[in-house]
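Asker: Throw the hints in and build the complete structure from the sequences for me.
Order-wise, the sequence lines are chains A and B. Under numbering that gives the first Met the number 0, the first residue of the first sequence carries the number 0, and numbering increases by one thereafter. Under numbering that gives the first Met the number 0, the first residue of the second sequence carries the number 0, and numbering increases by one thereafter.
Source of the hints: derived by calculation from the structure; they are not laboratory data. Mixed in with the good hints there might be a few duds.
What the hints assert, rightly or not - Simulated DEER-style distance windows between Cβ atoms:
| # | chain 1 | residue 1 | chain 2 | residue 2 | range |
| --- | --- | --- | --- | --- | --- |
| 1 | A | Ala350 | B | Arg119 | 31 to 39 Å |
| 2 | B | Asp125 | A | Glu337 | 31 to 39 Å |
| 3 | A | Val149 | B | Ala43 | 41 to 49 Å |
| 4 | B | Arg331 | A | Gly326 | 52 to 60 Å |
| 5 | A | Gly326 | B | Asp343 | 45 to 53 Å |
We put the CB at the ideal spot given by N, CA and C, even for glycine.
Protein chains: 2
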Amino acid sequence: MTVTDVPGFTAAGVAAGIKSSGAKDLALVVNTGPEYTAAGVFTANRVHAAPVKWSRQVLTTGRLKAVVLNSGGANACTGPKGFQDTHETAERVAAGLGVGAVEVAVCSTGLIGEFLPMDRLLPGVDAAVAALTPDGGRDAAEAVMTTDTVPKTVAVDADGYRIGGMGKGAGMLAPGLATMLCVFTTDASLDAAIADAALREACRLSFDRLDSDGAMSTNDTVLLLASGASGVTPDPAEFTAALTGACRDVAMQLLADAEGATKEVAITVTGAASEADAVTVGRSVARNNLVKCALFGQDPNWGRILAAVGTTDAAFDSDALDVAVNGVWICRAGAAAEDRSKVDLTGRTVAIEIALHAGEHTATVWTNDLSHAYVHENSAYSS
Amino acid sequence: MTVTDVPGFTAAGVAAGIKSSGAKDLALVVNTGPEYTAAGVFTANRVHAAPVKWSRQVLTTGRLKAVVLNSGGANACTGPKGFQDTHETAERVAAGLGVGAVEVAVCSTGLIGEFLPMDRLLPGVDAAVAALTPDGGRDAAEAVMTTDTVPKTVAVDADGYRIGGMGKGAGMLAPGLATMLCVFTTDASLDAAIADAALREACRLSFDRLDSDGAMSTNDTVLLLASGASGVTPDPAEFTAALTGACRDVAMQLLADAEGATKEVAITVTGAASEADAVTVGRSVARNNLVKCALFGQDPNWGRILAAVGTTDAAFDSDALDVAVNGVWICRAGAAAEDRSKVDLTGRTVAIEIALHAGEHTATVWTNDLSHAYVHENSAYSS
Numbered sequence: 000m001t002v003t004d005v006p007g008f009t010a011a012g013v014a015a016g017i018k019s020s021g022a023k024d025l026a027l028v029v030n031t032g033p034e035y036t037a038a039g040v041f042t043a044n045r046v047h048a049a050p051v052k053w054s055r056q057v058l059t060t061g062r063l064k065a066v067v068l069n070s071g072g073a074n075a076c077t078g079p080k081g082f083q084d085t086h087e088t089a090e091r092v093a094a095g096l097g098v099g100a101v102e103v104a105v106c107s108t109g110l111i112g113e114f115l116p117m118d119r120l121l122p123g124v125d126a127a128v129a130a131l132t133p134d135g136g137r138d139a140a141e142a143v144m145t146t147d148t149v150p151k152t153v154a155v156d157a158d159g160y161r162i163g164g165m166g167k168g169a170g171m172l173a174p175g176l177a178t179m180l181c182v183f184t185t186d187a188s189l190d191a192a193i194a195d196a197a198l199r200e201a202c203r204l205s206f207d208r209l210d211s212d213g214a215m216s217t218n219d220t221v222l223l224l225a226s227g228a229s230g231v232t233p234d235p236a237e238f239t240a241a242l243t244g245a246c247r248d249v250a251m252q253l254l255a256d257a258e259g260a261t262k263e264v265a266i267t268v269t270g271a272a273s274e275a276d277a278v279t280v281g282r283s284v285a286r287n288n289l290v291k292c293a294l295f296g297q298d299p300n301w302g303r304i305l306a307a308v309g310t311t312d313a314a315f316d317s318d319a320l321d322v323a324v325n326g327v328w329i330c331r332a333g334a335a336a337e338d339r340s341k342v343d344l345t346g347r348t349v350a351i352e353i354a355l356h357a358g359e360h361t362a363t364v365w366t367n368d369l370s371h372a373y374v375h376e377n378s379a380y381s382s
Numbered sequence: 000m001t002v003t004d005v006p007g008f009t010a011a012g013v014a015a016g017i018k019s020s021g022a023k024d025l026a027l028v029v030n031t032g033p034e035y036t037a038a039g040v041f042t043a044n045r046v047h048a049a050p051v052k053w054s055r056q057v058l059t060t061g062r063l064k065a066v067v068l069n070s071g072g073a074n075a076c077t078g079p080k081g082f083q084d085t086h087e088t089a090e091r092v093a094a095g096l097g098v099g100a101v102e103v104a105v106c107s108t109g110l111i112g113e114f115l116p117m118d119r120l121l122p123g124v125d126a127a128v129a130a131l132t133p134d135g136g137r138d139a140a141e142a143v144m145t146t147d148t149v150p151k152t153v154a155v156d157a158d159g160y161r162i163g164g165m166g167k168g169a170g171m172l173a174p175g176l177a178t179m180l181c182v183f184t185t186d187a188s189l190d191a192a193i194a195d196a197a198l199r200e201a202c203r204l205s206f207d208r209l210d211s212d213g214a215m216s217t218n219d220t221v222l223l224l225a226s227g228a229s230g231v232t233p234d235p236a237e238f239t240a241a242l243t244g245a246c247r248d249v250a251m252q253l254l255a256d257a258e259g260a261t262k263e264v265a266i267t268v269t270g271a272a273s274e275a276d277a278v279t280v281g282r283s284v285a286r287n288n289l290v291k292c293a294l295f296g297q298d299p300n301w302g303r304i305l306a307a308v309g310t311t312d313a314a315f316d317s318d319a320l321d322v323a324v325n326g327v328w329i330c331r332a333g334a335a336a337e338d339r340s341k342v343d344l345t346g347r348t349v350a351i352e353i354a355l356h357a358g359e360h361t362a363t364v365w366t367n368d369l370s371h372a373y374v375h376e377n378s379a380y381s382s
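Answerer: Written as structure tokens, this is what we have:
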């Protein structure tokens, strides 16, 4: 179930030769209408790639007819020529589809700082246009994979319409999105402002709460394309909830496939004075290397968790903090409580709960452990 | 050269049996006068240990006659009983020396969340008092070691007076000090306010710029004891400079002995609009796991450096950033420049320079790489 399991969309994924492995590396997703509403959310990193600059610009219109995505190169930190390459890619897609270049978003992922091989990429665009089918979503999802071991897709049935999606990302997973490209499609009929608001809210509650390794990418992009093919205009709140569910589903797939990870960790902060406080505390714990190493070592080291909480400016009294790991409250009132040997950390999923006793708000941040394999995978030359 | 290489100080280091290994684990440093001026700088972590609470309190007087330090347990997150244990330790030292408990600072380091074995610690205090000698500084430096592989000491000769010091710390090395205990001694005659200002400034420019693993400890303490034995009252600025030199020396020893590290990395940010901007950018790069893994892999991955710079709110234009690694300017104007293969990363020391072209300020932040050994050492049970 993916982007093309939604009426009004075709897609393709081809091997253009951008990746030296010969694997699929160029994806195209096309909205066949009748409507072309679109919205996008991009990395908050101030060093952002040429395709991010381009796509943010074209999305000011609130409409898109196609998205072209390549793996094998991020086209980030590539100066004016990098931007020209992105523009040329959009022009080539536009020519193939008979649309305007400003109706084509571009996404790239891969190594930062190198030019894309345009001599191979542009013929790849032509091949992708030729390969477009109503069941090409799986190929498209495969073509955006980098260090991903599996393609990530989703489909959600809502009240008279559907939401489909695909995503990629396995490293540089961090605040303000992750090193990831995601495309969501829907046959709902959406106003551009409603699409935009729904996508921002859905990202805020899903991808923005995923912090695998604290490293924010230059290329993160999440796009929503609405074809209106269902003829259904959903209630904005209901659509936002459905889209949030689809985003969370893809976010959990990213978490499960994060580079070198052996644990999928949900850090839930309760009793916070504000939602922002809860997120701040959760993120601080998620980003603490000593906590992450302890989880890799299956050590319920609540002292490191408290030390991470203590670095934040959230409202709490350090003598009132409770911490549970996988349901065992090993810390109560800022000191040792239940026997830590009761904590079973042999499984892949870990639930950490931190009770601040400072209010009524709650939030969950998801992260991974820090493993030998993470270091290995990310220390290889120019990975 | 250490704390007792300064007139007016005695010290001891003994094995009290706090560590199961039987190694030295209790240190005592005593100021024999004639003056007893003192200052302290403590962790900014809001979850801080009982000895930090105690020492911060007694230092409001601006004077100390002794410092007792133990390894083998942090006495952090131990509630009211933990504070009582610290108080009892100070009382025992005071009784042994014939001074007041409020003239005794206490420092602890080791595992968070467990009580100290007071039945062994208190007799150890008595043994340390009995063992005090004018050349006990080396034993004291050894007694505070945890995962340190070598004791860290320093002595600086200034204009008519001397500064000695000892420190420990190898993990939880982070902003707002590190998991470290440091004691500096001087025979200069200092006013309490001048001692305090000098220590804060020296820490700001040394330990505060060391960010080995982004994890801030609950126990960090740096103390300065001034005996006045030289009869020399130094110029405050000159004393601050000399103390800063001593602190930097110990900071570099901490950097060199950081858990599992294979690289000592100096990140120098130039052309910043403010010193704060320079530190912010340096720290962001220092804390980026992907940059740290790349350095472990001897990969001059400037794209990851730029991505880390881009997450900050410092003033810069992303198209104006230059980056050099070990003297090779592999990034100019935000894009690839000199051949990255020219960068030699085989040595233990790495110099990264980031030119922001936004002003005249500069700062250096020191860090380590992220290695298999770091993960291994910090994933062992309750390390």
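Asker: Taking 31 to 39 Å as the stated bounds, is the beta-carbon spacing between A/Ala350 and B/Arg119 within them?
Answerer: Holds - the Cβ-Cβ distance for A/Ala350 and B/Arg119, about 37 Å, lies within 31 to 39 Å.
Asker: Would you say the C-beta atoms of A/Val149 and B/Ala43 sit inside 41 to 49 Å of each other?
Answerer: holds, 42 Å
Asker: Confirm or reject the claim that B/Arg331 and A/Gly326 have a C-beta distance inside 52 to 60 Å.
Answerer: Cβ of B/Arg331 to Cβ of A/Gly326: about 54 Å, so the range 52 to 60 Å holds.
Asker: Using the C-beta atoms of B/Asp125 and A/Glu337, is the stated range 31 to 39 Å upheld?
Answerer: For A/Glu337 against B/Asp125, whose Cβ atoms are near 36 Å apart, the range 31 to 39 Å holds.
Asker: Could you check the hint for me, namely that A/Gly326 and B/Asp343 are 45 to 53 Å apart, CB to CB?
Answerer: With Cβ atoms ~51 Å apart, the hint holds.
When held up to the earlier numbered hints, the structure conflicts with none and fits them all.
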